[in-house]
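K.L.:
One-letter residues, chain by chain:
4 protein chains.
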Amino acid sequence: MSTQAPDVVRSAYAQLSVTDLGAARWFWVDTLGFHIQYEDAGTLCLRGTDELTHHSLVLRKGDIAALDHISYRVRTPEDVDRAEKFFTELGRPVRRVPRGQGTPGVGDAVRVIDPLGFPVEFFHDIDRAERLIQRFDLHRGAQIARLDHFNICTPDIPAAYAHYKSLGFGCSETIEGDEHELYAAWMYRKQTVHDVAFTGGAGPRLHHLGVATHESHQVLRVADILGALNKHQDHIERGPGRHGVSNAFYLYLRDPDGHRVEIYTSDYYTGDPDHETYRWSVHDDRRRDFWGNAVIESWYKEATPVLGLAGKPLPVSDALLDESAVRVGADGLG
Amino acid sequence: MSTQAPDVVRSAYAQLSVTDLGAARWFWVDTLGFHIQYEDAGTLCLRGTDELTHHSLVLRKGDIAALDHISYRVRTPEDVDRAEKFFTELGRPVRRVPRGQGTPGVGDAVRVIDPLGFPVEFFHDIDRAERLIQRFDLHRGAQIARLDHFNICTPDIPAAYAHYKSLGFGCSETIEGDEHELYAAWMYRKQTVHDVAFTGGAGPRLHHLGVATHESHQVLRVADILGALNKHQDHIERGPGRHGVSNAFYLYLRDPDGHRVEIYTSDYYTGDPDHETYRWSVHDDRRRDFWGNAVIESWYKEATPVLGLAGKPLPVSDALLDESAVRVGADGLG
Amino acid sequence: MSTQAPDVVRSAYAQLSVTDLGAARWFWVDTLGFHIQYEDAGTLCLRGTDELTHHSLVLRKGDIAALDHISYRVRTPEDVDRAEKFFTELGRPVRRVPRGQGTPGVGDAVRVIDPLGFPVEFFHDIDRAERLIQRFDLHRGAQIARLDHFNICTPDIPAAYAHYKSLGFGCSETIEGDEHELYAAWMYRKQTVHDVAFTGGAGPRLHHLGVATHESHQVLRVADILGALNKHQDHIERGPGRHGVSNAFYLYLRDPDGHRVEIYTSDYYTGDPDHETYRWSVHDDRRRDFWGNAVIESWYKEATPVLGLAGKPLPVSDALLDESAVRVGADGLG
Amino acid sequence: MSTQAPDVVRSAYAQLSVTDLGAARWFWVDTLGFHIQYEDAGTLCLRGTDELTHHSLVLRKGDIAALDHISYRVRTPEDVDRAEKFFTELGRPVRRVPRGQGTPGVGDAVRVIDPLGFPVEFFHDIDRAERLIQRFDLHRGAQIARLDHFNICTPDIPAAYAHYKSLGFGCSETIEGDEHELYAAWMYRKQTVHDVAFTGGAGPRLHHLGVATHESHQVLRVADILGALNKHQDHIERGPGRHGVSNAFYLYLRDPDGHRVEIYTSDYYTGDPDHETYRWSVHDDRRRDFWGNAVIESWYKEATPVLGLAGKPLPVSDALLDESAVRVGADGLG
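Residue numbers (my numbering), protein chains in the order written: chain A, 1 to 334; chain B, 1 to 334; chain C, 1 to 334; chain D, 1 to 334.
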């Protein structure tokens, strides 16, 4: 790699276009427990209890339900320049976004359409936010602690793996076929199982945002609240369950626009320099649910469209492999 | 009712015929955490951490997987006589079983085939057992605290309701159709949601045994253990989830013979004399899972055959109503 | 006993005099999570999430911090008459309180000063309340499920034991000296460890109200909330811990008037007719805290004064035995 | 700083001298749930469920209870050389320990007596260990996931802070006096609150090892187990509680030799490059226990002696400041 990659610190925030900001606020703030750091007529900037920067989720009132961009924090201001150069040399669309012209609270940034077709932002500078870690009196709903990861649908998993490898990401876990063909991969910069994961499927589309709680009872609580609000149990799509991959306890919800969010807790440390990839066989039915519960169809098929730098939906390509069609129960990779 | 019914204290124990006692021991003792109170070549008498009487589950080596009997404790020795008289006057098969001729640890008992066709025992006298409530060093697996209830498949729910009403049981909850036709009912003597529940289906068959833990993390733990023992995740049939009916957090497992057990926690007090029945509409998809997760087919269809007083399997009649075929999503009873 | 005792169902509610109703509301409603069922300028009637009757706690604006009365529900209206006769024959002060002249929501009642000097009410009739068990969206703070018990300071524990025995209460646990002298006792009507317990000390005084949550994380949550509200950590008096007696996980708080409340979870079933008393040695340091943590001085010494039927504070006698002064570590009763 | 510091990845393991290896095994393995990775007549190498390297705790049979060394993993083999040079240039005792001559499973290492007087090892190479993260069937006791941190007693906190700053550690939290004099500090390399913390006191001595569980109920479980084994509740020294500093839920135990271990869960992410130090006032009684519970005397006063490179106990100097004597309740730093 001739050009130096930006030093990514972590997955930082996602910006979603939602068609009804009031409905979205009910879901993300009142029910899940995100805190409002900033709001205006068309925007909500939200964060979890443990987050010390301006936001980890931005909801923007839009005409369609879509992903504006996912965003990574980089280590230094110079890494923003490196990101610009890196994607320019790859021949990708690149746009510099100075403070005040992009997302509230975020300083100088660069936005690109990456080789996988995703709108991705890189920034270093972001406003600080008041410490709420111990403001237990303000914690509500699922008591979301922080954004944990992005999960994206992309047709070509090896290409996604190679791209993020070139950005310096490690790989914690994979799902592989008998010939080691790659069905899915989990990659990280911070010392958790992932900052980004790839789910094979038509893409570019956003599969889900993963947000972390401290304990599993907090995951259950949000399901109870949705059940209590009769008819709102439909926001529960899958789970709760234990993942094979990542070992996390999970619950998948759909917001009023259909954006998917995973409530996620208890994965593990990956910070050692020689941390090894753990490989699951696509035939092991515990890979997606450690208890062997079936994954429902919508979870494999539905996802959020993504917007280009000019705000238009990007075209989607079909997946090369279909994990949902694989026969399980055969011997695994171990 | 001319004859006085026996004063039932609580659901006390179930006796199951299992085809492989070693496999059953692995499941119930090593994995779920039941304590062995008595064993011989063909029998295991088991109890939970909080139980102060000899057993709440008996596993008997048999030729087929079946229910020998469910058993209720009655308030006084005279109530055993009352039970004998009560079922005799109903014209049902009745057999007196003196201490030493029946189940180990149990004193003078009477066994009947009740009007629903189920083998049911009534006893008062039972051996005490050492207090293990605070022997946390011995608690294992799901840390089962106690037997909570029996759930039985019976074709005619109103008949089951009427019979248990005649035995003095209260009714905590029901599932009902638009014309208040009864699809299921939960009935109690002790001050919990139930000692016995009726699931509409071909019967007489045992649907499941419900066993209680103190907290929900103990329910999750047994699922994790089964997942850890690869291929044993198949013992997990349904859940975890929150029930609409009873409000309990649940997980359904199948033992190596297919006997179903529910790990169950956090229902509510029903001891007031005027406790009212709470009625669910069969159209409310939260009744069986408060989070709206679908009930899988096997849960509605499969169950354990029951044995007559002479140890032969009893014939089964088809259900009058089929809850699993009802359309959900229509307006409920509230 | 020549006169028939009333058939007590359970500890039903306590009525406290508080000097600042706004401060009390902050503590009991906003922080602990009690629901308001009724309020007027001088009164709040509160209940837990699982309670189906009008209230389990009444806060009355008064001049001093005191207990108006503890109150038991009885099985039938006739049991109210029985209570009146029972205490009249004991020569105790007795007052009949018709519906509308006593506590809101409560029907015909009788109030007495019992032989221990405590103001005690007995009633059967009480208004129903909307079911909130599954209104998880309304559950707050410690998510209190229900009143569990009263704990009273009384100088003569054997006398208290004998009186409640005459009312038909069972005894689940005791603390005893080397010669079986009684330091404390836990007595029940409903099928839990207790409806009432006696702590040796100057009395009559109310030691605490015990309120139950479903799980231990809900106990911890209220401590976290109080810590978050700086200076309000002073409301935490003792715990969290595991009791030896009762096995419950506990936390003791003091309300703004100094009334003590125990957040309590996970005791055990006592409903069998021959349930045996479990006896702790006063020398076993696990009796009050199973982990051996020391009980702080204020917990043994401080308590709420009680009011007579005319609303005046009742005089207090000194304790016959002082548990807090006993040397621990000697051999126990086992 | 002229010489380059080694790039420390994380706190890796501690090696303790214990006087009774069987008693230590009962405590750390049977009760806390550590897994044995290696054992011989005089040594046990232990690790938690989530640890993928050879051990995080070594118990060595010795004549006295002491700390052999704490040990940090560094990023590359060259960082071991850097560590040797770094401490040599500081004029500190330094010893190179090739693979096979030091602790089992550990490759080429360097051991030093650091400027604070502590025996500290640095290594890169260590044997891998089988993944047990999802072997829930093998998880026992407190289900310890991993070593989290070392806490050391040192007389001069600013000196300790300066030394670890020179090693590239960040500072997450401090306890400070009115004039910002430093009473305690928490410093990290991995992305948690700390790898090492300094408690003011006579030193060099090891205050405690911090080991992490995933959830708070696992912390409570080990206390329950110790209570169950009567007389063993004495191993519980302090807690459970919530720390102000770090926000973790904690429990302090003493092993059979008096070595202190903290069971610790739920702190927060510190991986951002500009993560700010959070400062507590020494007058805020929530700093050590967020619920305001008093810290017991032994916790401030007692600690484990440390051994020099030749295996002899090192002399101890008195603390410059005494946090335990400070008056709390005055205004804090916020």
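Simulated from the structure, these hints should not be mistaken for lab results. One or more of the hints may lead you astray.
Copies of one chain are not kept apart here, so a pair can be met inside one copy or by any two copies together.
Stated by the list, open to error - Lysine to aspartate or glutamate pairs mimicking EDC-like chemistry, simulated, CA-CA at most 16 Å apart: (1) K231 with D137; (2) K165 with D7; (3) K190 with E179; (4) K231 with E323; (5) K165 with D30; (6) K85 with D114; (7) K190 with D274; (8) K61 with D274; (9) K231 with D127; (10) K190 with D272.
The structure displayed is predicted, hence computed values, not measured ones.
K.L.:
Give a verdict on every hint.
P.N.:
Each hint, compared with the structure:
1. Taking the closest pair of Cα atoms, K231 and D137 come within 16 Å of each other only across two copies (14 Å); inside a single copy the shortest separation is 29 Å, beyond that limit.
2. For the homomeric pair K165 and D7, the shortest alpha-carbon distance inside one copy (12 Å) is at most 16 Å, but the shortest distance between copies (23 Å) is not.
3. Neither within a single protomer nor between protomers do K190 and E179 lie at most 16 Å apart by alpha-carbon distance, with minima of 30 Å and 36 Å respectively.
4. Proximity of K231 to E323 under the C-alpha cut-off of 16 Å is found in neither arrangement, the shortest distances being 31 Å within a copy and 20 Å between copies.
5. Taking CA atoms no more than 16 Å apart as the test, K165 paired with D30 passes in neither setting, with 38 Å inside one copy and 42 Å between copies.
6. When the C-alpha separation of K85 and D114 is checked against a cutoff of 16 Å, the pair qualifies only within one copy, where the shortest distance is 13 Å, while the shortest distance between copies is 44 Å.
7. Within a single copy, K190 and D274 get their C-alpha atoms as close as 14 Å, and across copies as close as 15 Å, so both meet the 16 Å cut-off.
8. In this assembly of identical chains, the alpha carbons of K61 and D274 never lie at most 16 Å apart, being 44 Å within a copy and 31 Å across copies at closest.
9. With identical chains, the CA atoms of K231 and D127 are never at most 16 Å apart, being 38 Å at best within one copy and 30 Å at best between copies.
10. In the homo-oligomer, the alpha carbons of K190 and D272 lie at most 16 Å apart both inside one protomer (11 Å) and across protomers (9 Å), since each shortest distance falls under that limit.
Of the numbered hints given earlier, the model fails hints 3, 4, 5, 8 and 9; all others are met.
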